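Visitor: Chain A is fixed; fit chain B onto it per the hints.
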Amino acid sequence: MPSNGPLPNGSAASPVQLTTPPILGINLGNSYASIAVFTKEGVAECIANEDGERQIACVLAFHGEEMYIGNQAKQQLVKNAQNTITGFRNLLGKKFSEVPQDKLSVSTPVIQHPSLPDTPAYKVKVLQPAPSPLPRTATNTPAASQVATPRSEPVEVERILTVSEVTTIFLASLRQSAEDFLGRKITGVVIAVPTWFDDAQRQALSMAAEDAGIHVLQLLDDAGAIAACTSDSADGAPTDCTQLIVDLGASSLELSLLSIREGLAYALATLSDSTIGGDEIDSKLIRFFAKDFTKKTKTPLTVAPATDAQDKRAEAKLRLAVEHTKRTLSASPGAATCSVESLKDGLDYTGSINRLRFDMEMRSIYDKVYVKVKELAESAEIDLYDIDEIVYIGGSASLPGLDESISQGFTESVITSFKAGTVVGGGVGDPTTILARGCALQAHLLVSLAQTSSEELLETFNKESEATSVAAISRTIGLLVPQEDAAGSLGGIWIPLVLKETPLPCRRMLTFEVDASGANTKVGFELWEVKEGVKIDHVKPPKLDGEDGEDEELEEVKEKTLTKEAYLASLSLSPKNPIKGKTTVQVQAIVSSTGALDVSFREVIRDGFGAAVTATIAAP
Amino acid sequence: MASVTVLPALPKNWAVPDSPAAQSLAPVVQRKLIPAGSAYLAHVRRTLQNLSFEAHDKLIEQDRLRIEALRADELNGEDHAGVGDDEESPELALLDPKEWKKQDHYQVLGLSRLRYKATPEQIKITHRKKVLKHHPDKKAGQSHTTNDDAFFKCIQKAHDVLTNPERRRQFDSVDPHYLALEEDAPTAADFKGNKASDVDYFFKAWAPVYEMEARFSKKTPVPLLGSFDDPKDKVEAFYDFWYNFDSWRSFEYMDKEVNEGSDSRDDKRYTEKKNKTERARRKKEDTARLRSLVDLTLTLDPRIKRIKQEEKDIREAKKKNKGGNSAEGKAKAEEGNQKAEEEAKRKEEEEKARAEAKKAKAVAANAAKKARRQQRAAEAEATS
Chain A
1 MPSNGPLPNG SAASPVQLTT PPILGINLGN SYASIAVFTK EGVAECIANE
51 DGERQIACVL AFHGEEMYIG NQAKQQLVKN AQNTITGFRN LLGKKFSEVP
101 QDKLSVSTPV IQHPSLPDTP AYKVKVLQPA PSPLPRTATN TPAASQVATP
151 RSEPVEVERI LTVSEVTTIF LASLRQSAED FLGRKITGVV IAVPTWFDDA
201 QRQALSMAAE DAGIHVLQLL DDAGAIAACT SDSADGAPTD CTQLIVDLGA
251 SSLELSLLSI REGLAYALAT LSDSTIGGDE IDSKLIRFFA KDFTKKTKTP
301 LTVAPATDAQ DKRAEAKLRL AVEHTKRTLS ASPGAATCSV ESLKDGLDYT
351 GSINRLRFDM EMRSIYDKVY VKVKELAESA EIDLYDIDEI VYIGGSASLP
401 GLDESISQGF TESVITSFKA GTVVGGGVGD PTTILARGCA LQAHLLVSLA
451 QTSSEELLET FNKESEATSV AAISRTIGLL VPQEDAAGSL GGIWIPLVLK
501 ETPLPCRRML TFEVDASGAN TKVGFELWEV KEGVKIDHVK PPKLDGEDGE
551 DEELEEVKEK TLTKEAYLAS LSLSPKNPIK GKTTVQVQAI VSSTGALDVS
601 FREVIRDGFG AAVTATIAAP
Chain B
1 MASVTVLPAL PKNWAVPDSP AAQSLAPVVQ RKLIPAGSAY LAHVRRTLQN
51 LSFEAHDKLI EQDRLRIEAL RADELNGEDH AGVGDDEESP ELALLDPKEW
101 KKQDHYQVLG LSRLRYKATP EQIKITHRKK VLKHHPDKKA GQSHTTNDDA
151 FFKCIQKAHD VLTNPERRRQ FDSVDPHYLA LEEDAPTAAD FKGNKASDVD
201 YFFKAWAPVY EMEARFSKKT PVPLLGSFDD PKDKVEAFYD FWYNFDSWRS
251 FEYMDKEVNE GSDSRDDKRY TEKKNKTERA RRKKEDTARL RSLVDLTLTL
301 DPRIKRIKQE EKDIREAKKK NKGGNSAEGK AKAEEGNQKA EEEAKRKEEE
351 EKARAEAKKA KAVAANAAKK ARRQQRAAEA EATS
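Top line first, the protein sequences correspond to chains A and B. According to UniProt numbering, the first sequence is numbered sequentially starting from 1. According to UniProt numbering, the second sequence is numbered sequentially starting from 1.
For reference, chain A alone in the conformation it holds in the complex (with noise of 0.2 Å):
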């Protein structure tokens, strides 16, 4: 019986709830949101709408009384494109002013709102419901008459919305659509948005959620929820890579390159080119498929752009129809077909294309999106091959030919979601959750941090917050263990400890088994700093029969170099317990937030560790 009072009727102590409250991570894109949920087990995992759609529209439709979302309304894009609104996230923020005119619209014109100066707006026809009649009194039902009065037919109104309206409508309806997954009230919310969204955009789009009555606790910006996502993710320990972000969405393309360092990460280089995404593909595509109905019917079809209001319809069935074959050649390594009902002059269109067509389709667009890495490689000063891991985000990042086409620059053991078998069925690689699922880790993280810590630990989490400014290490500094037979430059084995961009204060440590067999041995390392670099030979591909040397162009061959830049120190001990030979050692090295670095050198031994040697070397 608790002392505490007494109870009415089942309300006993409930057991400790290890459970957070329901959260969201949601992914507003241009084109298309996803949202993801953490659940039961332990694991932030995208959900599907009520349609049973992951991959959910920006799309709002309006036809007579009703209000369509999500892919409901892309459909409306063929018959009612007027009514439809679509590519609203973009304009948050956004003065009508800065609103590009020039761009032709397949949905709802941009309008300039008829009250408010300078704000962007859509104008949509609707029905509105006529009012009900007026309850009978004495005085307006002269003739008496039993029958209910009928209501009236709806009137055709206009509705003026401003962008931050409709994006409101959207939000709630994939809160909503989160709330009836999970049964409860979702209580906090981590949106992720790009980075170039500046401040004005970012005020708007929190303006917005909260209309929609979503508590947000953090815009995430994109390469934020990646570093959440995968550095959570790894079930060992965090490793330290160099992360390229390939954003590949439908209306644009970001990069980012970040340094991850134990799961602390930053943007070492951001770069968006709005030309590339997927609406470009589509238009390929559907080019292509064009030129094949024109082919196959002898009926002339131009699309993308078309001028004649019969094209325009029929490439809006197309635009609708590729979608499902762009994820079939995704998903699968066969042909894909696309098959459109009366696309025009009341004739049936069904082709296929195979991933090797296709990938000759699009490599124009391949093309331009090595180039961008590329270009954002030099503006961070770093080779390709000091990537590691390349990370795609969505819907058109999911093709298997652009990973094909883009890691060729890169070094054979760079990481991608598609070596690693991680992007179909929905892994954790797969682009078109990740964004997602890494906010719904954060928001995850957040709200177990706001429960246990302080406000001034959720401050930080801002992002002009003065935590967020570290200094970081600039050489990378490992051991050397010297050899006098050794190849390569260094004259030994090269193990490296704490590599350069390593955010401050940090903490390295190494195990490792050395061999310990003779009498008197010692065991150690001297400790290096370096500079790590990149090699380009130019050597002859090896002559093929029957071609000409003379317009041979010189291949070239990337090697990754270290060049010795300073020396720190020597550790040595001599071990005291070997076991067959060999003995356990640990290194621990220590860099403060000013930059001094200690490093500590032990052996392991059977219960603990034996006497360390150490050494400082004071901050720069």
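To be clear, the hints were calculated from the coordinates, so they are not data collected in a lab. From a predicted model like this one, the values you see are computed outputs, not experimental measurements. Just to be clear, a hint being listed does not mean it is correct.
Using 30 Å as the maximum straight-line C-alpha spacing, the simulated DSS-like pairs for lysine-lysine come out as follows [what the hints assert, rightly or not]: (1) A/40 / B/129; (2) B/276 / B/219; (3) B/124 / A/185; (4) A/463 / B/58; (5) A/564 / B/358; (6) A/40 / B/218; (7) A/40 / B/276; (8) B/32 / A/372; (9) A/185 / B/117; (10) B/117 / B/219; (11) A/522 / A/372; (12) B/153 / B/129; (13) B/256 / B/218; (14) A/94 / B/32; (15) A/40 / B/133.
Some chain A residues close to chain B (C-beta under 7 Å, calculated; not the full set) [said to hold, decoys possible]: (16) 228; (17) 263; (18) 472; (19) 474; (20) 512; (21) 515; (22) 611; (23) 615.
All residues carry an ideal CB built from backbone N, CA and C; glycine is no exception.
Guide: Structure of chain B alone, referenced to chain A:
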């Protein structure tokens, strides 16, 4: 990074390199972290609270242990939602599902530790557990008695009762476990002899009684007995609450079944009426029982004595004080007396006036009556 292969030892002729050791590392560069992920949180914690790596490791270890302990608590013996595992007594297996009104539903579902405190969630879980264990399909062929599923039926009945909030309240009102405890409530006889002045015994005996009765209160929170040192207003609030106790307890559960077989409406109505009166009687009895309990507590309460004593002490202390500074006190007292006298006089007069008014009224009424009687008599004469 940690290499798997065995590293060689230092060569025999190795000496510290003669290149001069650098005084410091290469200069640091400034970067802007992306505030995301648990690693960032760890980093911020370390910098904000100025923790060394070791101290932070310790913190994390503590956190992990705490969470693990919580998990272990939760998962102990598949203890979902805090549902324990009751021993099933052999008597349970002998229960007759036809006599379901007499069974202890909580015991059947293995919730006898929680009873009225069990949440619907817990009831659902224990029911599922019991069904898994006692489903007739599981027992097929194990024993040869015909009523293999008797206990299963009991479980279903218990589930039916406890998942319906209305019926659960009715059952909670007459929960046999608590009925037995109610009979054990202390009586006046328990407090005879040297126990009468034993303060600890008083609280030990009464506290559980009030805790038990408190579950019937419509109003929450319910003030409990408290302790000996409670101030006067708290004690008063306690008795005030319990004398005006608003209980949801009802006795429908004890109703006699209307005989289903007979279709005599009169029979039915008769039983219903009887049940109704029986319910009312029980309710009345229950109220009386509670009242007598509170009465008994009040008479025995050592706090009342203490409070009285304290008040007396205060009064006496005041009196003593009064003796000290007399003149003013006396004047005040006299004034008070005068006032009281005046008041009394006024009251008397008022009363007198009222009495007179009453008398006058009575006289008037009498006169009216007389007049009416006379009139009637006259009329009667006239008609005859």
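Visitor: Tell me, which hint numbers fail for this structure?
Guide: 5, 6, 7, 11, 22 and 23
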